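Chemist: Sequence:
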Amino acid sequence: MNIENITKKLSESHGWQAKYREIMLFGKQLPELPEALKVGSALVSGCDSKVWLYVDLDESAQQLVLIADSDTRIVKGLLAIIIAAYAGKTPEQASQFSAYTLFESLGLISHLSPSRSNGIRAIVDQIQMQANRLA
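The numbering used here numbers the first residue of the sequence shown as 14 and each following residue consecutively.
Mixed in with the good hints, there may be bad ones.
To be verified - Label-pair distances were calculated between CB atoms; the ranges are:
(1) Gln109 with Tyr67: 20 to 28 angstroms
(2) Lys63 with Tyr33: 15 to 23 angstroms
(3) Asp69 with Glu48: 13 to 21 angstroms
(4) Gly28 with Arg86: 17 to 25 angstroms
(5) Ser73 with His27: 41 to 49 angstroms
(6) Gln30 with Asn145: 33 to 41 angstroms
Stated by the list, open to error - Here are the computed lysine-lysine pairs in the DSSO-like style, where the Cα-Cα straight-line distance is at most 27 angstroms:
(7) Lys22 with Lys102
(8) Lys41 with Lys102
(9) Lys51 with Lys102
(10) Lys102 with Lys21
(11) Lys63 with Lys102
(12) Lys41 with Lys22
(13) Lys63 with Lys51
(14) Lys21 with Lys32
(15) Lys32 with Lys102
(16) Lys63 with Lys41
(17) Lys22 with Lys32
For the record, the hints were derived by calculation from the structure and aren't laboratory data.
Computed from a predicted structure; not experimentally measured.
Ideal Cβ placement from N, Cα and C applies to all residues, glycine included.
Using the sequences plus the hints, can you model the full thing?
Modeler: Here you go:
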(Lines of atoms letter the chains of each structure in order from A; the text may use other names.)
(Lines give C-alpha, C1' and ligand atoms only; values in the text may rest on other atoms or scores of the structure.)
Protein backbone atom coordinates (compact mmCIF):
# COMPACT_ATOMS: atom_id res chain seq x y z
CA MET A 14 0.00 0.00 0.00
CA ASN A 15 1.60 3.24 -1.12
CA ILE A 16 0.64 6.83 -0.48
CA GLU A 17 -0.51 7.39 -4.06
CA ASN A 18 -3.04 4.54 -3.79
CA ILE A 19 -4.18 5.77 -0.39
CA THR A 20 -4.74 9.35 -1.53
CA LYS A 21 -6.56 8.09 -4.64
CA LYS A 22 -8.88 5.89 -2.57
CA LEU A 23 -9.58 8.72 -0.14
CA SER A 24 -10.24 11.25 -2.90
CA GLU A 25 -12.63 8.81 -4.60
CA SER A 26 -14.52 8.24 -1.33
CA HIS A 27 -17.49 10.55 -1.11
CA GLY A 28 -18.37 11.74 2.38
CA TRP A 29 -16.69 11.30 5.70
CA GLN A 30 -18.28 7.89 6.41
CA ALA A 31 -16.78 6.44 3.22
CA LYS A 32 -13.36 7.92 4.04
CA TYR A 33 -13.65 6.59 7.59
CA ARG A 34 -14.32 3.06 6.25
CA GLU A 35 -11.28 3.32 3.95
CA ILE A 36 -9.08 4.44 6.86
CA MET A 37 -10.29 1.48 8.91
CA LEU A 38 -9.41 -0.85 6.00
CA PHE A 39 -5.92 0.69 5.77
CA GLY A 40 -5.46 -0.12 9.45
CA LYS A 41 -6.39 -3.76 8.88
CA GLN A 42 -3.50 -4.01 6.39
CA LEU A 43 -0.97 -2.74 8.93
CA PRO A 44 0.88 -5.65 10.56
CA GLU A 45 0.28 -6.00 14.27
CA LEU A 46 3.24 -5.13 16.44
CA PRO A 47 4.47 -8.06 18.56
CA GLU A 48 3.61 -7.67 22.25
CA ALA A 49 7.34 -7.67 23.11
CA LEU A 50 7.71 -4.35 21.22
CA LYS A 51 4.75 -2.67 22.92
CA VAL A 52 6.94 -1.06 25.56
CA GLY A 53 6.72 2.28 27.32
CA SER A 54 9.77 3.70 25.59
CA ALA A 55 8.06 3.25 22.20
CA LEU A 56 4.85 5.03 23.24
CA VAL A 57 4.20 8.41 21.60
CA SER A 58 3.31 10.98 24.23
CA GLY A 59 0.51 13.36 23.31
CA CYS A 60 -1.83 10.67 21.96
CA ASP A 61 -5.04 9.72 23.78
CA SER A 62 -4.81 6.23 22.30
CA LYS A 63 -1.75 4.08 22.83
CA VAL A 64 0.59 4.47 19.86
CA TRP A 65 3.84 2.54 19.65
CA LEU A 66 6.28 3.89 17.07
CA TYR A 67 9.68 2.76 15.90
CA VAL A 68 11.75 4.72 13.40
CA ASP A 69 14.96 3.27 12.05
CA LEU A 70 17.21 3.60 9.03
CA ASP A 71 17.71 1.06 6.26
CA GLU A 72 21.39 1.88 5.85
CA SER A 73 21.77 0.17 2.48
CA ALA A 74 18.98 2.27 0.93
CA GLN A 75 19.40 5.28 3.25
CA GLN A 76 15.62 5.28 3.78
CA LEU A 77 13.53 5.41 6.92
CA VAL A 78 11.80 2.28 8.14
CA LEU A 79 8.73 2.89 10.30
CA ILE A 80 6.69 0.39 12.22
CA ALA A 81 3.80 1.39 14.43
CA ASP A 82 0.68 0.08 16.09
CA SER A 83 -2.21 1.39 18.14
CA ASP A 84 -4.82 0.01 20.48
CA THR A 85 -7.63 1.66 18.46
CA ARG A 86 -8.72 0.77 14.94
CA ILE A 87 -9.09 4.30 13.58
CA VAL A 88 -5.66 5.34 14.85
CA LYS A 89 -4.17 2.19 13.34
CA GLY A 90 -5.63 3.30 9.99
CA LEU A 91 -4.22 6.80 10.42
CA LEU A 92 -0.84 5.23 11.23
CA ALA A 93 -1.01 3.23 8.00
CA ILE A 94 -1.39 6.51 6.09
CA ILE A 95 1.51 8.09 7.99
CA ILE A 96 3.79 5.10 7.40
CA ALA A 97 2.96 5.10 3.69
CA ALA A 98 3.60 8.85 3.50
CA TYR A 99 7.13 8.46 4.91
CA ALA A 100 7.97 5.23 3.04
CA GLY A 101 11.04 5.56 0.84
CA LYS A 102 12.08 8.91 2.29
CA THR A 103 15.60 9.63 3.42
CA PRO A 104 15.96 11.09 6.91
CA GLU A 105 16.60 14.51 5.33
CA GLN A 106 13.43 14.28 3.20
CA ALA A 107 11.40 13.08 6.18
CA SER A 108 12.60 15.89 8.42
CA GLN A 109 11.28 18.41 5.88
CA PHE A 110 7.98 16.61 5.17
CA SER A 111 4.87 16.81 7.34
CA ALA A 112 2.25 14.09 7.15
CA TYR A 113 0.08 16.48 9.18
CA THR A 114 -0.01 18.83 6.18
CA LEU A 115 -0.92 15.84 4.00
CA PHE A 116 -3.80 15.03 6.36
CA GLU A 117 -4.98 18.64 6.07
CA SER A 118 -4.83 18.54 2.26
CA LEU A 119 -6.83 15.28 2.25
CA GLY A 120 -9.49 16.93 4.43
CA LEU A 121 -8.97 14.49 7.28
CA ILE A 122 -7.94 16.86 10.07
CA SER A 123 -11.24 18.75 9.93
CA HIS A 124 -13.11 15.49 10.67
CA LEU A 125 -10.92 14.37 13.55
CA SER A 126 -11.44 15.41 17.15
CA PRO A 127 -8.98 18.01 18.47
CA SER A 128 -7.32 15.38 20.67
CA ARG A 129 -6.92 13.01 17.70
CA SER A 130 -5.50 15.86 15.57
CA ASN A 131 -3.04 16.62 18.36
CA GLY A 132 -2.11 12.94 18.41
CA ILE A 133 -1.37 13.03 14.66
CA ARG A 134 0.83 16.08 15.24
CA ALA A 135 2.64 14.27 18.10
CA ILE A 136 3.31 11.23 15.87
CA VAL A 137 4.62 13.43 13.04
CA ASP A 138 6.79 15.41 15.47
CA GLN A 139 8.24 12.15 16.82
CA ILE A 140 9.03 10.92 13.29
CA GLN A 141 10.69 14.20 12.37
CA MET A 142 12.71 14.22 15.58
CA GLN A 143 13.90 10.65 14.91
CA ALA A 144 14.62 11.50 11.24
CA ASN A 145 16.79 14.43 12.35
CA ARG A 146 18.65 12.11 14.73
CA LEU A 147 19.27 9.62 11.91
CA ALA A 148 20.29 12.27 9.34
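Chemist: Now tell me, hint by hint, if it's right for this structure.
Modeler: Quick rundown of the hints versus the structure:
no.: 1; hint: Gln109 with Tyr67: 20 to 28 angstroms; in the structure: 21 angstroms, holds
no.: 2; hint: Lys63 with Tyr33: 15 to 23 angstroms; in the structure: 20 angstroms, holds
no.: 3; hint: Asp69 with Glu48: 13 to 21 angstroms; in the structure: 19 angstroms, holds
no.: 4; hint: Gly28 with Arg86: 17 to 25 angstroms; in the structure: 19 angstroms, holds
no.: 5; hint: Ser73 with His27: 41 to 49 angstroms; in the structure: 42 angstroms, holds
no.: 6; hint: Gln30 with Asn145: 33 to 41 angstroms; in the structure: 38 angstroms, holds
no.: 7; hint: Lys22 with Lys102; in the structure: 22 angstroms, holds
no.: 8; hint: Lys41 with Lys102; in the structure: 23 angstroms, holds
no.: 9; hint: Lys51 with Lys102; in the structure: 25 angstroms, holds
no.: 10; hint: Lys102 with Lys21; in the structure: 20 angstroms, holds
no.: 11; hint: Lys63 with Lys102; in the structure: 25 angstroms, holds
no.: 12; hint: Lys41 with Lys22; in the structure: 15 angstroms, holds
no.: 13; hint: Lys63 with Lys51; in the structure: 9 angstroms, holds
no.: 14; hint: Lys21 with Lys32; in the structure: 11 angstroms, holds
no.: 15; hint: Lys32 with Lys102; in the structure: 26 angstroms, holds
no.: 16; hint: Lys63 with Lys41; in the structure: 17 angstroms, holds
no.: 17; hint: Lys22 with Lys32; in the structure: 8 angstroms, holds
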